[in-house]
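Q: Let the sequences and hints guide you as you build the complete structure.
As given, the protein sequences belong to chains Y and P, one line each in that order. Going by our numbering, the first sequence opens with residue 1, and the numbers climb by one from there. Going by our numbering, the second sequence opens with residue 1001, and the numbers climb by one from there.
These are calculated hints, taken from the structure and not from any lab test. Because the structure is a prediction, the values reported are computed rather than measured. We treat Cβ as the ideally placed atom computed from N, Cα and C, and that holds for glycine. Be careful, since some hints might not be right.
[Claimed, not checked] Among the chain P residues that face chain Y by a calculated CB cut under 7 Å, a handful are:
1) Thr1006
2) Lys1207
3) Thr1211
4) Val1213
5) Thr1214
6) Ser1215
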Amino acid sequence: MSLVLKNVSKTFVGKVAVDNISFSIEKPGVFGLLGTNGAGKTTTIRMLLGIIKKDSGDITWKGKPVDRKNVNFGYLPEERGVYPKTKIIDQLMYFAELKGMKKEEALLSINKWSKELKVEEYLQMPAEKLSKGNQQKIQFMTAIIHNPELVVLDEPFSGLDPVNTEILKNIIIDLVKNGKYVIMSAHQMATIEEFCSDILILDKGKTILQGNLKHIKETYPANRVEIDVKQNINSYIKEFDLEIENVTNNNYIIKISEEEKAHQLLNKLISTGIKVDKFEIKKPTLNDIFIEKVGE
Amino acid sequence: MKDIITVMKFTIKDMVRRKSFIISTLIILILIVLGFNVPNIIKSFSDESTGDKLLIVDNDNVFEGNLELLKQANLGYEIEIGSANFDEIKGKIENNDIDEAIIIEKQDNNIKVRYIIENATMIDEVPENIVNSISSIYSNMQISKLGLTEEQLQAIRPNFEFNLEQISEEVHGNVFAMMLMSIVLFYAIYFCAYQVSSSITTEKTSKIMETLVTSTSPTTIVLGKTLGIGIVGLLQMILIVGTALISAKVFLDTELLNAVLDMSNITAYLGIITIIYFILGYFTYALLYALTGSTVSKPEDVQSANSPVAILAVIGFYLSYFTMMNPTSELNIFASLFPISSPFCMPFRIMMGLASGTDVAISIAILIVSILVIAKVAIKIYSNAILNYGTKMSFKDIINVYKDKQN
Chain Y
1 MSLVLKNVSK
11 TFVGKVAVDN
21 ISFSIEKPGV
31 FGLLGTNGAG
41 KTTTIRMLLG
51 IIKKDSGDIT
61 WKGKPVDRKN
71 VNFGYLPEER
81 GVYPKTKIID
91 QLMYFAELKG
101 MKKEEALLSI
111 NKWSKELKVE
121 EYLQMPAEKL
131 SKGNQQKIQF
141 MTAIIHNPEL
151 VVLDEPFSGL
161 DPVNTEILKN
171 IIIDLVKNGK
181 YVIMSAHQMA
191 TIEEFCSDIL
201 ILDKGKTILQ
211 GNLKHIKETY
221 PANRVEIDVK
231 QNINSYIKEF
241 DLEIENVTNN
251 NYIIKISEEE
261 KAHQLLNKLI
271 STGIKVDKFE
281 IKKPTLNDIF
291 IEKVGE
Chain P
1001 MKDIITVMKF
1011 TIKDMVRRKS
1021 FIISTLIILI
1031 LIVLGFNVPN
1041 IIKSFSDEST
1051 GDKLLIVDND
1061 NVFEGNLELL
1071 KQANLGYEIE
1081 IGSANFDEIK
1091 GKIENNDIDE
1101 AIIIEKQDNN
1111 IKVRYIIENA
1121 TMIDEVPENI
1131 VNSISSIYSN
1141 MQISKLGLTE
1151 EQLQAIRPNF
1161 EFNLEQISEE
1171 VHGNVFAMML
1181 MSIVLFYAIY
1191 FCAYQVSSSI
1201 TTEKTSKIME
1211 TLVTSTSPTT
1221 IVLGKTLGIG
1231 IVGLLQMILI
1241 VGTALISAKV
1251 FLDTELLNAV
1261 LDMSNITAYL
1271 GIITIIYFIL
1281 GYFTYALLYA
1291 LTGSTVSKPE
1301 DVQSANSPVA
1311 ILAVIGFYLS
1321 YFTMMNPTSE
1331 LNIFASLFPI
1341 SSPFCMPFRI
1351 MMGLASGTDV
1361 AISIAILIVS
1371 ILVIAKVAIK
1381 IYSNAILNYG
1391 TKMSFKDIIN
1401 VYKDKQN
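A: As structure tokens, then:
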């Protein structure tokens, strides 16, 4: 057990922000913290890092309370910020030194990460001259420059273009490969699905779903079938009393209640000589699960 | 401790590299050097021009030729003695041949002196030095006709020596110099301390706060920042005062300088006392500003949040101003001990010889205790209020934040 949160709560002037949540991260990987806006993700992260104090509960890292002295952590806050008039290299050095790095170490690390994040050319510029996306990459660099064990990323992809999203994704994958613990909050379910082994879904401060993502998805039966054909098959679908969710260029997404019906439909299509390019029985996506859970 | 130095170094570097800081410091230094050259510049202008041309006409020969003495009297005029009637003089003034004229006429028993000028809007009376010179020439002329002895002459016109002396023994030194120093001290303390507030608000508005508080403790941030800005401010003040003193020595005539500023008062002891009070005063105000600065998150709220500190500073300054005007008043004791005013008025009182060693020790002790108390409150409020983004906090909010045990 590395990181453990046990019965953690926080109330702000009469409003419960986080209500009795518990989770733990046992091995290196990405832990996903999901929720709608205002669900309590950022409050959970801030309590976790000791920026705000919890009202009750325990938060420990390898048995010790989480604070700057006990845990070497890196943090990308949701509120992005840089010193607008200060040179990028100076702000990176400043934070590296505050995190206890020596000058030479810090320079090596800045060189390495600025290459990976493709921001080398901006190092000598004041931050205000950089685009928002590049400023965000600089902040991401601040979070990982000192080689932390625990990396907490609050909405790391919001506002990034696809190219930069890809760069960041690859770095996060590398961090996990190197044995780091990553906690990531997001509301883009597709990203979470790509990375996270374990998730926790918050709604109005309460945990509504948590556990291993794969296991969670297994508990949800298949609910759709995707069929790619070259012709209209509406009549066959009607015959089996199934409902079409979406059709684009003879690519059908059909709702199913049991897998058997989908197989029967496939047999029928093949037996009538219709060429089926694609047939896939689909499990619900995280997005479906999320909407189902939060929409309840 | 290492982190405090890191924060301090970053603050110093960031401040000193700002173009606005470099330019404003340079402008102040240039203005000081220019300012001390003003007397020289004025002098060089007046040396070149020989002064107004003044024609003196004594058609009735009232002065029996003695008016020639006026030419040696150095009255600031180019004096010409001649004869002309009023119309001729009028013509000469209109043609700018001369600037002014004096016509001396005998009228029965009186002597009439007419001072003629083109336009009397700028000068509404006859220049005093001319009046005095002409009447003294006339009286000398008459006295010498009486055939008085040297002793009798001496008796008529004794050499009065006027001296200003004070009864109170304790008050000495140059009030003007001291006041100047108190004002410099006030501005230096006030503007340096203000930087702390704006630096904190900048960090809040640029949203860097969260990264910062997860990198080091709030106490480290407040102390490192306050120290950094203080060091820059102190060096800036030393640079400005040093430039002023050197310029005064180099560019001002010694006579003029001694008239305005008694340089013998500027001693190493005075320097040390001033620096000590600068540092203590700076910390008092800087930490108050750290407190108010951390309650705002938008630059437009800075002014109103800082106004209580500004009001305190003005009260402090006026208290010290009052003590300068009334150096022996009872209120002085209060002003010298009250931490809001003591940094501005104690150096003045020490130099005037109005404060004993015990007074100095008590005032410094009170300042240090106040700084510790303000620091404790400021750091606590800073720690709890830094993540307050949104509207400016009310006084009630600040009290609540201070009481907030959870944070």
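Q: Run every hint past the structure and note whether it holds.
A: Structure-based check of all given hints:
no., hint, in the structure
1, Thr1006, "5 Å, holds"
2, Lys1207, "3 Å, holds"
3, Thr1211, "6 Å, holds"
4, Val1213, "6 Å, holds"
5, Thr1214, "5 Å, holds"
6, Ser1215, "4 Å, holds"
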